[in-house]
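K.L.:
Got chain X; can you put chain U on it based on the hints?
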Amino acid sequence: MLFLSTLRNAPVYDSSFALVGKYKDIIASAVADQYAPVKSLVVTLLKGKGEFVILWSVVENASRVGIHLSALLSRVTSAQVDPTDIRLREKVLDHQIVDITGARVVRVNDLQLGTIEGRMCVIAIDVSLKALLRRLNLDWVDVFNMIPVRLIDWRQANLVSGSVQVAALSKDVVHMHPADIATIVEDLNVNQGSELVKSLDLATAARVFEEIDPETRRILVKALSPDKVALITDKMPLDEVVDLLKSLPAATSAELLSHLQSSRAATAERLLQYSNHSAGGLMTTEFIKCSISCTVAQVIEEIKKRSFTFRFIHYVYVVDDENHFMGVASFRRLITSDPNQTMQEVMRDRKGLKTLKPEQPLREVAVIMAKYKLFSAAVVDKKRQLLGVITLDDIMRQLVSHIYDV
Amino acid sequence: MYVSVCIQCKKLLSRKNLNLTRKYTELFYNLMVPIFKRWLLRASIILSVIGPGIISGAADNDAGGITTYSIVGAHYGYQMLWLLPLVGLVLWLTQDMGARLGLVTGKGLAALIRENFSIRLTVIVIVLTAISNWMNIVAEFAGVASVAHLYHIPKTLLVAIAASAISFVVIKGNFQIVQRVFLTSSLLYLAYVIAGLKANPDWAAIASGSFIPHFSMEHGFLFTAIALVGTTVTAWGQFFIQSYYVDKGVKDADIKLMRWDITAGTLWTIVVAFFIVVATASTLYPKGIQINDAAQAAAALEPFAGYLAKHLFAWGLLNASLLGAGVVTIATSYLITEAFGWEGKVDLGLRESPAFYKLFLFFIITAGLFVLIPSIPLVPTIVFSQALNAMVLPLLFICMMVLLNRKDIMGMKTNSRLNNVLVLAAILLVSALNVSYCYALVSKFFKIL
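Those protein sequences? They're chains X and U, same order as listed. According to our numbering, the first sequence is numbered sequentially starting from 1. According to our numbering, the second sequence is numbered sequentially starting from 1.
Worth double-checking, as some hints may not be accurate.
[Said to hold, decoys possible] Examples of chain U residues lying across from chain X (beta carbon under 7 Å, computed): (1) Lys107; (2) Glu115; (3) Val246; (4) Ala305; (5) Ala309; (6) Leu312.
Simulated from the structure, these hints should not be mistaken for lab results. Bear in mind that the values here come from a model prediction, so they are computed numbers and not experimental data. Ideal placement from N, C-alpha and C gives every residue a C-beta, glycine not left out.
Same shape as in the complex, but just chain X (with noise of 0.2 Å):
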């Protein structure tokens, strides 16, 4: 076991114990899912000849005392680099790093080698602050041992520094949750996180989007060009672009709206007039809504086309001919029942159903539907009109980031 930051100005000897020069850097490859296996020594030849690169193959041992080559320094050819490989000392060591498993950026503060099936490879990433005491030669600091070490395992990391990074960032991160990459959005710069973001595919980046805090999406959609914000947006849920929409500059909103298809633009400006916390602004206005006189069959043959387009579809909602709102069946209630019944056979009626209206306040809607025990409450105007959908989970965020202000 060997930390990279031991070595710094260790002195190198070739075989026949010439002092050739100082350590200068150690060069690993890059592999996906592996330990990065060492490739290179980096040395500074003595008498300013510049620096040489060394096969590992060569090395035969290196510690804080020194670094022992196998053979003669004259014998050995220079080795191959290349544009992938990473210099640790430079590029890593002190660098931000995604910590994966932890979601979240981090700083290296020192690296951890080790031999792993006959070959030294880099395991894990100490980011502890005693790492930091150890560079500094402070360690009697911590007599007690009092200070925890936390490495990070070298293949749950991912390097962030340069664009270049980012993009292979984004390879291991699409497996990752979306709230958890819109956390290291946050944590990254604005320029890296923009990368990221681009980097994703439209439907990842979209829901990003959606987790994202507003300060931080402010910020990016002033980073990222118009047309991308359009196409993320495209993918969103209308009721989160609204939020965008309201988060945002006059300007900036004003541009972006104009970017929507002309259908959802329309919707938009609709929802644009209700605030942040009334039943309004928390509904959304994607939900399957089919006729009074459909049967069971049809709805269900509905559902199976669009179903990939809504996030939640837990029930379905019956309208008349004017899009006044009749009542809901749910899901359960569709299966079950005789695929040849009509909707109005079927549904919950509307008269045994509460419905919200679109002012009322956050507050209310979240009594009213735990009251109830609903999973989602249609929001109705005066006209009976239905105009939209609350579901719980927009109600959750809400309630959440109310009461433990995150």
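P.N.:
Just chain U now, kept in the frame of chain X:
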């Protein structure tokens, strides 16, 4: 009958009126809205970029600033005025460098130093900056304590209230909104401009003081001169402005606006400083008053505000101290977390970084307690903190110069030669002041022996 007619008439009238009003409103609306919208658009663009420079410019005139400038004027008259334009130039140059570093790299100064210099140098820079910033926070609380002194309130009470108010706003509330309040109220400094003009200053003396350098190797002079530099050009300001620009995510194209922002901030700092010096130099200097507490400094506002001078000064100082304490503490906690990888964001994401809060509270509490030491001389503490600031500057500027000249960091936007020469001159100027002060200190020490 009569009543009903009246009501009818009234209704008619009002309907007619309503129509007329509506017509005019529409006309007005059609005319004004496009103008207003355009204006709003422009204002929003400007507002979104303008900020960091002006904030740090206003926060520069904090408790340390007011006190130091007052002492410069009261003790040395117009003699040090020539330093102000020079210091302003240095402020502009270095803030511009910091902002450019932030814009190009998207990283804060602390992160850049950590990534590009050795860990030892990083720790040295961060620790020195933290110490000088801590002294700055102490100075801000000393400002609060001075206000307490002016009103004969126990300083413990006011300092405790101030410390808890700042902590509460930063941790629980939204500092950005409060910051705007402070920024607006820093217009109080205009009082100094008026006071300076109304005090019948000797314009010939001002001109000669501004253009003919006056220098002395006397210990007090050098100390005050260093404090003057250190209060205007600050280490925390460098970190603050860069981080702020990084978080704002301003595009390359906005560099022009950024320059306006920085120019406006610098001008505000220097103009206010100039008038504080003029006001104190024309009221206190002729009487030979040595400023030992806030009440004497407040006397400089008397030509303008008369018996209200005390209150004007107190509120200005309180405002400056609170703004300064908030900004400096945030900047310091942030730069430490950034250098050691315990990051959070300056804007709203703060809640994710517990290290930030711990540091923040640590600085606020220790600095507050330090001021509460009985019989601590407030004014000398403030001036000392500003001088300490200047001692850290050369090291910081050298780091920035190195970073700005590296092609792999700045790409095509490396420092121009003119810029390099000017900043080098600034570094030399500040170092020369530091060295000559140390020399004066040592020789004074030997004289005593």
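K.L.:
Evaluate each hint against the coordinates.
P.N.:
Going down the list of hints, with the structure as the test:
For Lys107/U, the interface hint holds, since its Cβ comes within 7 Å of a Cβ in chain X; the closest pair sits about 6 Å apart. Taking 7 Å as the C-beta contact cut-off toward chain X, the hint placing Glu115/U at the interface holds, the least distance being around 5 Å. The interface hint given for Val246/U is met, as the beta carbon of that residue sits about 6 Å from the closest beta carbon of chain X, less than 7 Å. With 7 Å as the threshold, the beta carbon of Ala305/U stays out of range of chain X, its nearest partner Cβ sitting at about 39 Å, so the hint is violated.
For Ala309/U, the interface hint is violated, since its Cβ never comes within 7 Å of a Cβ in chain X; the closest pair sits about 41 Å apart. Annotation: interface hint on Leu312/U violated; nearest CB of chain X at approximately 36 Å, more than 7 Å.
Violated hints for the displayed structure, listed by number in ascending order: 4, 5, 6.
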